[in-house]
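Those sequence lines, one after another, are chains D and Y. In this text, residue positions in the first sequence follow this note's numbering: the first is 358, and each later residue adds one. In this text, residue positions in the second sequence follow this note's numbering: the first is 778, and each later residue adds one.
Hints should not be assumed to be uniformly reliable.
[Stated by the list, open to error] Label pairs and their in silico Cβ distance ranges:
(1) D:W394 with Y:N824: 25 to 31 Å
(2) D:P452 with Y:A837: 45 to 51 Å
(3) Y:G827 with D:W546: 43 to 49 Å
(4) Y:A809 with D:E521: 44 to 50 Å
(5) Y:A797 with D:Q416: 20 to 26 Å
The hints are simulated quantities; they were obtained by calculation from the structure and are not laboratory data. We treat Cβ as the ideally placed atom computed from N, Cα and C, and that holds for glycine.
Residues per chain are reported as follows:
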Amino acid sequence: MAGAAVLGRLTWLVAEAVDVLTETPRTRTLVLDVPGWTGHRAGQHVDIRLTAEDGYQAQRSYSIASAPGDGRLDLTVERIEDGEVSPYLVDDLLPGDRFELRGPIGGYFVWEDEPGGPVLLLAGGSGIAPLMSMLRHRAATASEVPTRLLYSSRALGDVIYREELDRLAADGAGFEISLTLTRAQPPGWEGYERRIDDELLAEVAWPATERPLAFVCGPTTFVEVAASALSRLGYEPARIKTERFGPTGG
Amino acid sequence: MDELMLDGNAVGGLLLEVFAEDVTRAGSCCDACGATGQVGALRVHSNAPGVVFRCPRCDAVLLRLASDGKRVWLDLRGLRHLELPRAG
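The task is simple: from the sequences and hints, build the whole structure.
Okay, here's the thing in structure tokens:
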């Protein structure tokens with residue numbers, strides 16, 4: 358495949374928004390049509406480039422939330438108040454609008470159903486997006502790998518894909534979800550109500566002896582705390598895959 | 778902790794401007810401490826004119842990438858080797 362290497366070079370493509378779905382007050386899912394798109398694997402991301410009229414360009418990375426077999430490309434974007442790109446994508450973009458995009462990117466943070474231990478997914482805020490692609494892929498392929506998700510949000514209203522996650526957890530296919538709400542909890546809340554720590558992870562995570570494969574995605578501080586806690590629980594470093602969003606994501 | 782830190786995986790798009798294949802899955806070996814891992818798991822600092830990849834174990838600089846828009850400079854001196862899947 359000598360020629361494929363050249364063809365494999367990333368080129369900027371034109372994405373058109375065909376639909377825009379409000380997920381929470383701060384997040385929207387952009388359903389995109391991208392002529393020339395070659396498909397992706399669960400967990401990968403794209404780079405987006407916006408160009409202003411004066412030629413100024415801003416570039417950011419966003420995870421793909423749809424599953425590889427969905428036949429569509431969905432990005433879930435959270436508004437960062439002082440960001441350069443996300444306020445446009447979340448507040449202003451309309452169906453029919455276009456922007457530049459390249460991908461798929463990042464074969465390292467990819468889940469494929471392989472023989473091995475159970476899967477642990479740790480999401481902080483909009484870090485759920487690439488993990489949702491994995492969960493959708495898992496459901497679409499009827500995978501039975503035991504999977505647990507621990508999802509940390511500020512409040513219940515900030516939980517993205519809540520109904521779909523509940524549905525996936527209710528179908529008895531070996532997927533369990535734990536939520537922790539770090540700032541506000543509704544009356545009668547029975548889930549966790551603090552930032553993740555060693556004790557919380559010890560309760561939720563698979564025992565290290567089962568050789569779990571962990572995917573951790575969220576703000577840098579969240580990922581740092583979660584990954585180091587998993588290390589202390591005995592998880593193998595090579596089986597803790599991390600994807601840090603940085604402080605803002607922009 | 779540096780709150781601006783990312784993973785090597787996050788700058789996979791930039792790496793694809795230089796390498797013909799996705800190297801986030803490539804094996805890396807730190808020349809300073811000998812730690813092996815994957816490029817996608819390296820610590821990345823991109824809040825600078827260039828991008829700096831550091832060893833997650835000993836923090837040594839493994840790889841630096843800078844561009845002026847027309848050319849790219851790639852400094853690999855901190856890497857003992859890269860292990861790339863062979864095409865085909």
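Checked hints:
Checked against the given bound of 25 to 31 Å, the beta carbons of D:W394 and Y:N824, roughly 30 Å apart, stay inside it. Taken as a hint, the range 45 to 51 Å holds for the pair D:P452 and Y:A837, whose Cβ atoms sit roughly 48 Å apart. The hinted range of 43 to 49 Å is satisfied by Y:G827 and D:W546, whose Cβ atoms lie roughly 46 Å apart. Between Y:A809 and D:E521 the beta carbon distance is about 45 Å. The supplied range of 44 to 50 Å therefore holds.
For Y:A797 and D:Q416, the hinted distance range of 20 to 26 Å is satisfied, since their beta carbons lie about 21 Å from each other.
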